[in-house]
Amino acid sequence: MHEMSIATAVVEQVDAAARDHGAVAVEKVRLQVGELAGVVPSALDFCFELACAGTLVEGAKLETEAVAARARCTPCGVEWAVGMPPDLGCPRCGGARVELLAGRELQILGVQWAERPVGASADQEG
Amino acid sequence: MCRTVELRQAVLARNDDGARELRAELAARGTVVVNLLSSPGSGKTALLEAELGLARARGVPVAALTADLATENDARRLARSGAPVKQVLTDGLCHLETAMLREHLAGWLPPDTRLLFVENVGNLVCPASYDLGESLRVVLASVTEGEDKPLKYPTAFGLANLVLVTKADLAVAAEFDEAAFLASVARVNPGVEVLFTSVRTGQGAGVLLDRALAVLDGAEAHRPVMAGAPGHGHSPGHPHAHGPGEGHHHGDDGAHAHPHAPVAERS
Ligand SMILES: [Zn+2]
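Residue numbers (this note's numbering), protein chains in the order written: chain A, 5 to 130; chain B, -7 to 259.
Just so you know, these hints were derived from the structure itself, not from any lab.
Ideal Cβ placement from N, Cα and C applies to all residues, glycine included.
Footprint (simulated), chain A over chain B, 3 or more residues, beta carbon under 8 Å:
| no. | stretch |
| --- | --- |
| 1 | -3 to 3 |
| 2 | 86 to 95 |
| 3 | 144 to 151 |
| 4 | 171 to 182 |
Let the hints inform the model, and build the full structure from the sequences given.
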């Protein structure tokens, strides 16, 4: 299950960014996951929680934005949603010269810092 | 007060950058990496054994790195070819990453190696997401695995530069529907070449070696549609397939630093 490696990579990058920004904790991490990225969001959620333990990211919420896969045929210009499992052959001309427009994204879009460690309970909030 | 920061960082950026560097370093000294992916039991080791034997017979300096969760059985088997072979035990990790590969190549890979075969962990899901600095990604499927395998593992098959069908001698017994398999492959990876092999009958003997040598000579490997996608840095086989004399020529990479030590020092 490579979702653990992916979750670890996310946490490492967010943790580093938090230190760069002088943030003490992370409220939310926004992730973009393409339909063809080869990642199962529910497995990623589970792994993210484990990977966060003991880091500045602990307690952060992972928000996953799915990106539908789309392709365009180079010769005939038609665009289509490739679906899952993907159909990457041109539906109009059957050509094999195709360009994937979206669907393999796997990136951290952004983070929202928290004022104090998220685990340190909200009721301390005055 | 809530502060929000845009990062837009590729999750696998570290691996993908490392893979580009490794590919360039190896290309500069005339080494091409072939990354072999398949599910367990597809006959990957048997095919590799045959190809290593042929490479040795033809005088091609070849080496193999074989990854498994446990046991060194594959390395022992491959070493009988006489080629340098190294076992990578992943201790349960389901795939190889570039940093692991770099670590294992250091001080081991003979400097005159032309082809390095990397037998990835037997698994069609996880290894698919990791560029290892290869110039040729080959996905294997045996005739006993079902014609819809490419649809079940679209990332692995979708990013392949070459698809090899193994155990072709069993096709009739397994009622393998060749047309259905080819249609599945074409759907996830239009235009990719599919070759049939059998270690038992010798069908397709040397095809893997021939394709790898062609890439070494500068032939461009098939470029999968999925490899060109936005938001993702990796593109196995994409014109990094430079010949030995070509040195560093990176149209799309731009300039890049080489912070790591060369993978194999002459000692
Ligand atoms: Zn078309």
